[in-house]
Amino acid sequence: MASINVGGKDIPLDEEGYLENLNDWTPEVAEVLASGEDVTLTSEHWEILNFLREYYEEYQIAPAVRVLTKAVGKRLGADKGNSKYLYSLFPYGPGKQACKYGGLPKPTGCV
2 MASINVGGKD
12 IPLDEEGYLE
22 NLNDWTPEVA
32 EVLASGEDVT
42 LTSEHWEILN
52 FLREYYEEYQ
62 IAPAVRVLTK
72 AVGKRLGADK
82 GNSKYLYSLF
92 PYGPGKQACK
102 YGGLPKPTGC
112 V
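So the sequence shown is numbered by our numbering: it starts at 2 and just counts up by one.
I should point out that these hints are in silico values taken from the structure, not numbers from a laboratory.
Note that beta-carbon positions come from the ideal geometry of N, C-alpha and C, so glycine has one too.
If a hint is listed, it holds; no wrong ones were tucked in.
Subject to a maximum C-alpha distance of 25 angstroms in a straight line, what follows is the list of computed DMTMM-like cross-link-like pairs (lysine to aspartate or glutamate):
id	residue 1	residue 2
1	Lys-107	Glu-48
2	Lys-71	Glu-48
3	Lys-107	Glu-59
4	Lys-71	Glu-58
5	Lys-97	Glu-59
6	Lys-71	Glu-55
7	Lys-75	Glu-48
8	Lys-81	Glu-32
9	Lys-97	Glu-58
10	Lys-81	Glu-45
11	Lys-97	Asp-80
12	Lys-97	Glu-38
13	Lys-81	Glu-59
14	Lys-97	Glu-16
15	Lys-85	Glu-45
16	Lys-10	Asp-25
17	Lys-107	Asp-25
18	Lys-97	Glu-29
19	Lys-107	Glu-32
20	Lys-97	Glu-32
21	Lys-97	Glu-17
Using C-beta positions, here's what the derived DEER-type ranges look like:
id	residue 1	residue 2	range
22	Trp-47	Gly-94	14 to 22 angstroms
23	Pro-28	Leu-77	13 to 21 angstroms
24	Lys-107	Asn-51	14 to 22 angstroms
Build the full structure now, drawing on both the sequences and the hints.
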């Protein structure tokens, strides 16, 4: 099993790099996960990550990309609620990559 070390603590990951335990998530964990994929988290990334974490808290599910895009559009505006914007932040897939950095499970329907 893979893991990352954050602040001297080993955080276990599943075979796809998602957290084994959602309670292990911290902003520092997100930074380490992102840096492992050569991504530097900006305020735009954090806006989406925080949105996703709130969504998950409310619905107990990580949204698939289509649902994510619509929900972001409703909350943050059409300029951010579109695939082009989300893929510019998370080029490996807004659902999968953002959920990984946000400490959430892989979205349903993602391959």
